[in-house]
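**Q** Sequence:
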Amino acid sequence: MPEALVPFLQFEGAPEDAAACPVRDVLDRVGQKWTLLLLIALIPGPRRFSALQRQVGDISKRMLTQSLRQLERDGLVAREVFATKPPSVEYRLTELGRSALDPIAALTDWADRNHDRIRAARSAYDASEDGAALSLARTGC
Numbered sequence: 001m002p003e004a005l006v007p008f009l010q011f012e013g014a015p016e017d018a019a020a021c022p023v024r025d026v027l028d029r030v031g032q033k034w035t036l037l038l039l040i041a042l043i044p045g046p047r048r049f050s051a052l053q054r055q056v057g058d059i060s061k062r063m064l065t066q067s068l069r070q071l072e073r074d075g076l077v078a079r080e081v082f083a084t085k086p087p088s089v090e091y092r093l094t095e096l097g098r099s100a101l102d103p104i105a106a107l108t109d110w111a112d113r114n115h116d117r118i119r120a121a122r123s124a125y126d127a128s129e130d131g132a133a134l135s136l137a138r139t140g141c
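Sequence positions in the sequence shown follow the UniProt record's numbering and run 1 to 141.
FYI, nobody ran anything at the bench for these hints, they're computed from the structure.
Note that the coordinates shown come from a computational prediction; the quantities given were computed from them, not determined experimentally.
Hints may be right or wrong, so weigh each one.
[Said to hold, decoys possible] Label pairs and their computed distance ranges (CB to CB):
hint: 1; residue 1: Leu27; residue 2: Arg92; range: 22 to 28 Å
hint: 2; residue 1: Ala124; residue 2: Gly75; range: 23 to 29 Å
hint: 3; residue 1: Val23; residue 2: Arg48; range: 32 to 38 Å
All C-beta atoms, glycine included, are put in the ideal place defined by N, C-alpha and C.
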């Protein structure tokens, strides 16, 4: 087991203490649906809001705004406003955001290598009794 995981596994605090755990704190952000896609979209360089929305695809303006604000708050993304009419805004990765790219690359490589296996496991599960029960629970039957 990687040594970095040991302290996380040994955490036995109360649920309210979990927020103090650095791993949980960071994974709360990284684990959000749009975070990795936005960080990856900013790898080539600064992007305007509309370019990010087009590149990511199915993200609403409201969710994109919220996600970018959270990434800016965490120091992963910087926002620059230009004094044009109308004002234009660009987003870019900060040094801290760029430092997250190696772990993100490792995760995306793992996902690429294992996607077929995960899809096969899902299909097998869905075809099993447990999967049938899950399917019924989803439909409310």
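**Q** Sort out which numbered hints this structure fails and list those numbers smallest first.
**A** Hint 2 is the one this structure does not satisfy, whereas the remaining hints hold.
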